[in-house]
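K.L.:
For the record, the sequence lines run as chains G and E. All residue numbers for the first sequence refer to this note's numbering, where the first residue is 1095 and numbers rise by one. All residue numbers for the second sequence refer to this note's numbering, where the first residue is 691 and numbers rise by one.
I should point out that these hints are in silico values taken from the structure, not numbers from a laboratory. Errors might be hidden in some of the hints.
Claimed, not checked - The calculated lysine-lysine pairs, modelled on DSS-like cross-linking and capped at a C-alpha distance of 30 Å, are:
| # | chain 1 | residue 1 | chain 2 | residue 2 |
| --- | --- | --- | --- | --- |
| 1 | G | Lys1181 | E | Lys1060 |
| 2 | G | Lys1181 | E | Lys1165 |
| 3 | E | Lys863 | G | Lys1181 |
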Amino acid sequence: MVDVTHYLVLSTIVFSIGVVGVLTRRNVIIILMSIELMLNSVNLNLVAFSDRLQDPSGQVFAVFVITVAAAEAAVGLGIIIALFRNKETVNVDEIDLMRG
Amino acid sequence: MPEVPQNPLEFFLQNAAAIGPPLHLILWGLVILCWGFWTLPRNGGRGLLYRFLRLFQHPAVLAVGGLTMASLQLYRLWGVNSGPAFYNMITLDSFAMYFDMLFLVAALLVVIMSYKYLDIEEEQHTEYYALILFATAGMMFMAGAIDLVSLFVSLELMSIATYVLVGFLRGKKRSNEASLKYFLLGAFSTGIILYGMSLVYGLGGSTNLNEIGRQITQLEDNSLLTLSLLMMMAGLCFKIAAVPFHMWVPDAYEGAPTPITAFMSVAVKAAAFAIFFRILFVAFEGLWELYVFPLALISMVTITLGNVAALTQNNVKRLLAYSSISHAGFVLMGVVAGTERGITASAIYLLAYTFMNLGIWAGVILLRRKDIPGERVEDFDGLFFRHPAVAVLMLVFFLSLAGIPPLAGFIAKYYVFTAVLEVAFTQGEPYSSLMVWLAVVGALNVVVSIFYYLRIVVSMFMKTEYLPVPLSFSKGLVVVLVVTGVFTLLIGVYPEPFIRLAQSVNLPLI
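Generate the whole structure from the sequences, applying the supplied hints.
P.N.:
Structure, rendered in structure tokens:
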């Protein structure tokens, strides 16, 4: 029997992979993908709780998270393209004009 | 679950009062976007209609129009609590109204100090003003949100618009870089907040903040609750730029267009504080003992680190970024107190900070001239001998930021300190000594902050040589300087009405 704890464990693992990816990867695109993983682990949580509570608002929330994640990815890729035009790199270590 | 209404239009009209002001902003923002595609001929004669349309040719005029309409709408609804609307999604209570007013004032001042700056940067585009309106609408929804879903969506409406605004100087590497850093850390923090929200939803069994507040107090097991509380607090600390999560602030503030930096340091921060209040005092009501220690620690470290880092900066935008971090720490003191007086103190601090900080940023924008970035401390050299009025106003703002009476900053700091000390006297150990320590750290930091503000003042009044290039005055900037100057003085000298206004801010628990 698969109950809500299993989903929670899975979402925690996915979330942790996302966090570690954001903190350790140097490629901006991969960081963006890791953030997407974090958001999807949230969706997993929300839907699992929604099923457990027999309450539809969690699924509504998940739909909103998906929508906003799409908007965020669009803006993020736009920013990366704007940066890439001026400075041909997607490595965050090389994006270091401002320090101190 | 309430019944689905038969007539959607009727349902909308019944609930529209709660979202009236931000709705105005969104509609005007859309109008501005459409307007950008349509240009009037340069020489259209002297007809009355042509001249009327010519007046609205500049998108800044439309943005000011939209903000004015929203303000009038807010004024019309002032003092009347709309109650929960749209199935308990959003409300327009005294708390939301106070913050709405703050956002509208900030956005209005930012718009009128922007247009000349954008001409100088050669990035005059209509989207800029539309995005400011959308971001402001997002903030207003944030202040009124009483459900996790509406809270999250409005937070993102504000954040996404701000990410774009920070990177608005497309040709500049610094602006691109600032935007990217702000975006990555902002999206990361959103992920953390969301994970906390999903856990809270599971624990509370509802996405409604009041309902969560009711359910959570009955919980036995606290470990998951503590985790979700900490995650949401960590994410929100990103947004208000509190220390361990402040790394993006100096970079984003330095690279962004200066009016947007001003907007972020004032309005975006206030909006993040608004949801901070809602979440802590409505959803996590009664868990004060659980979060007071980490929050007080964050507040102390934020104030200290912001000030110490500001001491060594030579770039004014970066210096003010660190100063804004330390001010966030002061506002956080009111949140730590967690009392009614604490909310009042934070509210009045944010109001005073809006005026004095926008004044400073208007001064920094003045120094941005064609081919001169005007961002170093030396660029302030000899300002008093060229434009004594501007220099004196800047002195007023800096003294106010430092918290010297009789200026707005003093009243704000006074309220924050008394709110914390009040808790110290009413609560038992260990909370009373924690509060005393918090007040002591805050008071010591006031002295430190005077030091770096005076560095700029010295450069303005003691150095006599200056660059013989005229400052970039515009009507809007003069208006901003005068308005912020007047209010900085007024809040300090005659604080009565402003305090009464801030005291009306409370979070009614339904």
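K.L.:
For a quick check of understanding: which of the numbered hints are violated here, in increasing order?
P.N.:
2
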